[in-house]
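Visitor: For the record, in the sequence shown the residue sitting at position 154 is 154 according to our numbering, with numbers rising by one throughout.
FYI, nobody ran anything at the bench for these hints, they're computed from the structure. A couple of the hints might just be wrong.
[As the list claims (entries may be wrong)] Within a straight-line C-alpha distance of at most 25 Å, the following computed DSS-like cross-link-like pairs (lysine-lysine) qualify:
| no. | residue 1 | residue 2 |
| --- | --- | --- |
| 1 | Lys119 | Lys245 |
| 2 | Lys99 | Lys191 |
| 3 | Lys123 | Lys191 |
| 4 | Lys10 | Lys99 |
| 5 | Lys103 | Lys10 |
| 6 | Lys149 | Lys182 |
| 7 | Lys119 | Lys52 |
Treat the numbers as computed from the prediction; the structure is a model and nothing was measured.
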Amino acid sequence: MQRQFNLSHKYYIKRAANRELIGGLCINDNKEIAIVGKRSKALGLDRFPFNKDEMILPISEQVKTVIPYRSKILSSINGRSVLNSTFSLNSHREICLAKSCGKGGFSSSTKNSRNRELKKFLKSGGEAVEQSQLTPAQLVDIYFDLHGKRWGKDPGNQSQMLAMLTDLRDMIFGYVLFYHGKPCAYQLITKTESPRWICFDYVNGGYDRQHDEFCPGTIVTWLNVRAAYELCEQAGKEMRYSFGKPTAAYKDRWCKRAPLGRTLAI
């Protein structure tokens, strides 16, 4: 992407006394944080389906620093590290993070209901296929078909999505639902792993409304969240599964909210 768009990136890193890497930051054109700024949007980078609802900087908690670039989507993870940040003066901006499938998360009745819906779907001719079993081209075709059936419009970024899924294949996560051999629900989800947590970003998706009696959107959401939880449990890491900004009421059924901060000009 840097070569394709002729981006002028600079990388700043911080090391501890023992030379351990404890922080890093990527800047575009020496003016803004890479990917999330206005310059990146003007270049067309926003046509690549990355979520930009929360920014987690790779900075150790032991670091106390000033970020001389503006942002309104700073993660609460960085709150104590970024000295010129505020979470109270940011227009109540929040991110929706999926509830846990374990203690303190979804209720037993909710989990039982979701599992019953899944079993009913599978017994009626449904199938859940792990997305890694499909090629990037197949996933893009499925995504565009189901996005159109759900939302009635074309996202218009087919080539960018194909390039992204091809180059970042190991960072794509989730399931595709099929009903009698035809795709009926899919969500584009990206996955990135850190030493203490695994981040999942639900970008967007679609489903065939012809099968509303099975609630395919709910089923694929449950499958993906449950699989993410199980992966994190196996790795002994925290799950951070983002549904993005609180733009729809259904997100509160699946999520808890976390505050976003902003960096103050200095």
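Visitor: Now look at each hint and say whether the structure bears it out.
Guide: Verification of the supplied hints:
1. Lys119 to Lys245: Violated - the C-alpha atoms of Lys245 and Lys119 are around 31 Å apart, more than 25 Å.
2. Lys99 to Lys191: Holds: Lys99 and Lys191 sit about 17 Å apart, inside 25 Å.
3. Lys123 to Lys191: 30 Å, violated
4. Lys10 to Lys99: 36 Å, violated
5. Lys103 to Lys10: Roughly 43 Å between the alpha carbons, so the hint for Lys103 and Lys10 is violated.
6. Lys149 to Lys182: 13 Å, holds
7. Lys119 to Lys52: 34 Å, violated
Hint check: violations occur at hints 1, 3, 4, 5, 7; the rest are consistent with the structure.
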